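So the protein sequences, as listed, match chains W and G.
Going by the numbering used here, the first sequence opens with residue 1, and the numbers climb by one from there.
Going by the numbering used here, the second sequence opens with residue 1, and the numbers climb by one from there.
One or more hints might be untrue.
Just so you know, same-sequence chains aren't split out, so a pair can sit in one copy or run between any two.
Here are the simulated DSSO-like cross-link-like pairs (lysine-lysine), alpha carbons at most 27 Å apart as the crow flies [said to hold, decoys possible]: (1) Lys140 - Lys36; (2) Lys95 - Lys140; (3) Lys107 - Lys36; (4) Lys36 - Lys111; (5) Lys36 - Lys112; (6) Lys10 - Lys123; (7) Lys123 - Lys112; (8) Lys10 - Lys36; (9) Lys111 - Lys123.
Derived by calculation from the structure, the hints in this document are not laboratory data.
As the structure is a computational prediction, the values presented were derived from the model and not from experiment.
One-letter residues, chain by chain:
Protein chains: 2
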Amino acid sequence: MEFDDEYFMKEALKQARLAFDAGEVPVGAVVVWDNKIIARGHNQVEQLNDSTAHAEMIAMTSAFNQVGSKYLPEAVLYVTVEPCLMCCGATYWAKIGRIVYGAEDVKNGYKKTTGTNWPFHQKAQLTNGVLAAECGQLMKEFFAQLR
Amino acid sequence: MEFDDEYFMKEALKQARLAFDAGEVPVGAVVVWDNKIIARGHNQVEQLNDSTAHAEMIAMTSAFNQVGSKYLPEAVLYVTVEPCLMCCGATYWAKIGRIVYGAEDVKNGYKKTTGTNWPFHQKAQLTNGVLAAECGQLMKEFFAQLR
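Make the full structure from the sequences, and use the hints.
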């Protein structure tokens, strides 16, 4: 069975809900290789007391270990929210072949700083807006409850 | 005794030489807090089989643990080579107060992608060119021996 982007984004959303329940900014990610999930990650900045412990970083480091390679050109990274500059840079170094994200992040997404420049690997493909409403709704709920 | 930027950059260079001797792209970093080195890191991409294991990432994660805080606004990050997009993004999240680097990196430095946009924290200060010749020479030697 061939799974589609919505299927994998729903899996990333499950990770985002784990972050939400742990009091973390609710962002989740999965890395897919050959139509299988090989790594998962959710934001753990508070739990690890590490401001770089974003969902994507955790999922990618897990994927390197899983595959035994520091380059993942055939992998797809699904993440519920537009990645930040740091995470885009990480996908560049990892040579992630495709990045799929859900909701836009006007405040901290990569587009704010890079403008029209491309922060991913030259060969990477990008898809956005997959389950954007659900992904964004979880963020809104999180920040609403903080107020 | 008050140490200066050259003193701390020499310590970052020692880290870069550790990377060089291990067959890694020779980049080193130290994090300084209150005139003391609280964390060190060198590039370990090959050793850890993790393309995100840059000197700065390792030094910053070590610094979070050392200080017990995920924000380091009073810290200075010294790194031998112009940081990449990922590492700049990490300094943004960590709210690193000042970044000092040595040699420029035309190929992979942050300026290539961000143009005139500022990828560091809004309040961060930046100094470049400290021991640039020594920092750059080590990189040149490394890439020359690969050919």
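Hint-by-hint comparison with the structure:
no. : hint            : result
1   : Lys140 - Lys36  : neither (30 Å within a copy, 41 Å between copies)
2   : Lys95 - Lys140  : between (31 Å within a copy, 24 Å between copies)
3   : Lys107 - Lys36  : neither (32 Å within a copy, 34 Å between copies)
4   : Lys36 - Lys111  : neither (29 Å within a copy, 36 Å between copies)
5   : Lys36 - Lys112  : neither (32 Å within a copy, 34 Å between copies)
6   : Lys10 - Lys123  : within (26 Å within a copy, 37 Å between copies)
7   : Lys123 - Lys112 : both (22 Å within a copy, 17 Å between copies)
8   : Lys10 - Lys36   : within (14 Å within a copy, 46 Å between copies)
9   : Lys111 - Lys123 : both (18 Å within a copy, 20 Å between copies)
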